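There are 2 protein chains.
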Amino acid sequence: MSSKLGHMVDDIQIEVVYDGLMNFVYIVKSFGGSMVIKQALPYIRCMGDSYPISKQRAKYEAKALQIYASICASNVPQFYHFDDSLSLIAMQYLEPPHILLRKGLIAGTQYPLLAQHVSEFFAQVFFHTSLFSNTKSDHKYAVADFSGNVEMRRLMEELAFGPFEGSKYITWTSPQLDFDVKELQEDINVKLQVSLLKSIFCERTQALIHSDFHAGSIMVTQNSVKVIDPEFAFYGPMGYDIGTFLRNLIVSYFSQDGLVTPQDDRQEYKIWLLKTLEETWNLFQEKFIKLWDEHKDCCDEVKTKYMQDVLHDALGFCALYLIGSVIHVGPVEDFESIDNVSKRIECERNTLNFGRMLLKERLKFSSIGEVVSCLQQFMDQHSSIILSRC
Amino acid sequence: MSSKLGHMVDDIQIEVVYDGLMNFVYIVKSFGGSMVIKQALPYIRCMGDSYPISKQRAKYEAKALQIYASICASNVPQFYHFDDSLSLIAMQYLEPPHILLRKGLIAGTQYPLLAQHVSEFFAQVFFHTSLFSNTKSDHKYAVADFSGNVEMRRLMEELAFGPFEGSKYITWTSPQLDFDVKELQEDINVKLQVSLLKSIFCERTQALIHSDFHAGSIMVTQNSVKVIDPEFAFYGPMGYDIGTFLRNLIVSYFSQDGLVTPQDDRQEYKIWLLKTLEETWNLFQEKFIKLWDEHKDCCDEVKTKYMQDVLHDALGFCALYLIGSVIHVGPVEDFESIDNVSKRIECERNTLNFGRMLLKERLKFSSIGEVVSCLQQFMDQHSSIILSRC
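Taken in sequence, the protein lines are chains A and B.
Under UniProt numbering, think of the first position of the first sequence as 1, with each following residue one higher.
Under UniProt numbering, think of the first position of the second sequence as 1, with each following residue one higher.
For the record, the hints were derived by calculation from the structure and aren't laboratory data.
None of the values given here were measured: they were computed from a predicted structure.
One thing to keep in mind: the hints can contain errors.
Just so you know, same-sequence chains aren't split out, so a pair can sit in one copy or run between any two.
Here are the computed lysine to any residue pairs in the SDA-like style, where the Cα-Cα straight-line distance is at most 25 Å [as the list claims (entries may be wrong)]:
(1) K182 to T304
(2) K296 to E165
(3) K360 to I200
(4) K63 to Q263
(5) K305 to E186
(6) K55 to P175
(7) K4 to S195
(8) K270 to A142
(9) K305 to H295
(10) K303 to L196
(11) K182 to D297
(12) K303 to S54
(13) K364 to V190
(14) K168 to L86
(15) K198 to Q308
(16) K4 to A142
(17) K343 to Q377
(18) K55 to N134
(19) K191 to Q308
(20) K63 to D138
(21) K63 to C202
(22) K364 to T304
(23) K182 to V9
(24) K360 to I170
(25) K191 to I170
(26) K198 to C298
(27) K191 to K296
(28) K296 to D187
Please put together the full structure from these sequences, using the hints given.
Given below as structure tokens:
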């Protein structure tokens, strides 16, 4: 492994990365090279040993990184080494200008290749880890293997469904949003949709999903997109990852009105966000069907219905997390970065109510273009309310 | 284990059961007691070593029998012993008058408690092996455990979906049914529905299912119902077992017209079959919701939608197997027992076409009562055709 440091290990520099919520992360540099070392301890780093959780997660992250590398190497950091006894992974250091997509979105930076790369990653990984490409036996063994990642899956379920199940950890901006939250919590159709999505999340073993595919798990430059941190990986519904990603773009879209400055009205950025949202799905669909056509003969009706179902799953999970961006366990950086309190509350309210609508009405959308139009109409109606209140 | 034979093992009688297609089955009797010994060899018994298959299936059968015994002991044979190295299970011998339900149905025997027992078995087993009762972690470990039963699952997939995927093993009554089969095979909506059901079968880990729940896996008397042979067991959709069972009743219903004798017009039996069909679902639904209410607080809308989805899955798998009763790998005893060829063909055609309709229209049924009415109407219309042709 020292070859990655050009065998120059006498004078190495180690830098602690403080961003990691779950694990300890170090950047190791020498004159000959660099790498990242990520170590899982048997608890969640940011909560200390009051929140114990299996360090086995490192094993699943290492497995997933290697699977990703075999399918879509250009979109993940290179994997160097895994030490099971130390729960430690060594991998490529993604040098600046790589930054977390979340920080890029807040800064208002456009990434012209984002949709292209993310859709490629989704299409390749989902196709090649599903029954489309795997033999039935291999698929079942892989499902069984990742089923062991039980604790991380439970944690993800708590994060995803906790806001709807009266988790004691959740908070929201109170008292301003109390009415909206109460209305949501009493909405029978919301309960119904949440229970359907929970079944899909807990019981559907469609493909290897990252399961924590938010803007903090993606590093970007103008030319590259790298997916990191697949420690929650398991066999689940494709729509979960896709929905989590779409939700990031929508949260960013809703938070733009709070980030307007005299120099930048953020209109252009909003257009880019919607374009990226639309392109990500459309390119994914196109690429996935292309892979399908290359591997199997199938009629158009089956393909159309299949993709429609994945879209509806994605919109459902997206909606779940839009709501979870407002009724949440921890702070959401997109909204936290809005200084003006009343603007922030309106951004949150829009996100919450759009999420609620999308959760209930998702089966009515037959294309991502319709979702984008709906999002624009929703904003047009609510922007006037924001303007009149500010 | 010799206690089951009253420790009188010097003078035991061993009888070979020739019915077993997959395994070697022996009835062991002494003056002190009896038991059944079932042994899996690494191939399918009726096909010899030309069809190798893992003898691991015995391990999964033993596991499933023990789980069933812990949940619903009165509806399974008592489990005595499992020997892994010999792939051998010892269990209770179900003495006469126990017979296979299939033979009872062909003989036209009514079992007044059948719906009561089967619905109880379904409700208890599905509830207690699903996320309703299991903790999330336990559920995932159980799913992983049964995921190892890969070969049996692959075999079941071939049996269930082979008729729609051009399996080389399938046959039908040719040339008489060629036109009906061709029409079915070219029906795009059939392809679509089959692909949806295949996703559900392969990817949904809802509860521990038997997965071979036909009338040859159920032994009955007037007072008891015992489920046997769960060697195909895995975590799958509840609707699969329910649908397989309902299909047996419907195939029996359709075959009655071919079994009419001057002494018995079979009308009364047809009424009993439909009553049992309706009661099995309705009682299952009632019992399942009762368990749900005892364990968790939940709104009616969620419960209604959940049960509706299970019904739609069940009708889908039922339809798949109705078609598979006519376009099949092996002979179907219900039809084989009809001597009059033209009557048999009409029974098969009715089954095929009703199955095709049900496959495509299943989401339109909101209760089992509607299915029964539809079945009666279908028969009324087609009986006149049969009469005019005979």
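Now for the hints, and whether the structure bears them out:
{"no.": "1", "hint": "K182 to T304", "in the structure": "between (38 Å within a copy, 24 Å between copies)"}
{"no.": "2", "hint": "K296 to E165", "in the structure": "between (42 Å within a copy, 12 Å between copies)"}
{"no.": "3", "hint": "K360 to I200", "in the structure": "both (16 Å within a copy, 23 Å between copies)"}
{"no.": "4", "hint": "K63 to Q263", "in the structure": "neither (46 Å within a copy, 69 Å between copies)"}
{"no.": "5", "hint": "K305 to E186", "in the structure": "between (32 Å within a copy, 18 Å between copies)"}
{"no.": "6", "hint": "K55 to P175", "in the structure": "neither (39 Å within a copy, 63 Å between copies)"}
{"no.": "7", "hint": "K4 to S195", "in the structure": "neither (48 Å within a copy, 47 Å between copies)"}
{"no.": "8", "hint": "K270 to A142", "in the structure": "neither (40 Å within a copy, 46 Å between copies)"}
{"no.": "9", "hint": "K305 to H295", "in the structure": "within (18 Å within a copy, 36 Å between copies)"}
{"no.": "10", "hint": "K303 to L196", "in the structure": "both (23 Å within a copy, 11 Å between copies)"}
{"no.": "11", "hint": "K182 to D297", "in the structure": "between (50 Å within a copy, 19 Å between copies)"}
{"no.": "12", "hint": "K303 to S54", "in the structure": "neither (40 Å within a copy, 34 Å between copies)"}
{"no.": "13", "hint": "K364 to V190", "in the structure": "both (15 Å within a copy, 23 Å between copies)"}
{"no.": "14", "hint": "K168 to L86", "in the structure": "neither (33 Å within a copy, 52 Å between copies)"}
{"no.": "15", "hint": "K198 to Q308", "in the structure": "both (19 Å within a copy, 16 Å between copies)"}
{"no.": "16", "hint": "K4 to A142", "in the structure": "neither (30 Å within a copy, 41 Å between copies)"}
{"no.": "17", "hint": "K343 to Q377", "in the structure": "within (19 Å within a copy, 63 Å between copies)"}
{"no.": "18", "hint": "K55 to N134", "in the structure": "between (29 Å within a copy, 24 Å between copies)"}
{"no.": "19", "hint": "K191 to Q308", "in the structure": "both (23 Å within a copy, 16 Å between copies)"}
{"no.": "20", "hint": "K63 to D138", "in the structure": "both (15 Å within a copy, 23 Å between copies)"}
{"no.": "21", "hint": "K63 to C202", "in the structure": "both (21 Å within a copy, 23 Å between copies)"}
{"no.": "22", "hint": "K364 to T304", "in the structure": "both (15 Å within a copy, 21 Å between copies)"}
{"no.": "23", "hint": "K182 to V9", "in the structure": "neither (58 Å within a copy, 71 Å between copies)"}
{"no.": "24", "hint": "K360 to I170", "in the structure": "within (22 Å within a copy, 44 Å between copies)"}
{"no.": "25", "hint": "K191 to I170", "in the structure": "within (17 Å within a copy, 45 Å between copies)"}
{"no.": "26", "hint": "K198 to C298", "in the structure": "between (30 Å within a copy, 14 Å between copies)"}
{"no.": "27", "hint": "K191 to K296", "in the structure": "between (38 Å within a copy, 14 Å between copies)"}
{"no.": "28", "hint": "K296 to D187", "in the structure": "between (43 Å within a copy, 19 Å between copies)"}
Going through the hint list in order, the structure does not satisfy hints 4, 6, 7, 8, 12, 14, 16 and 23.
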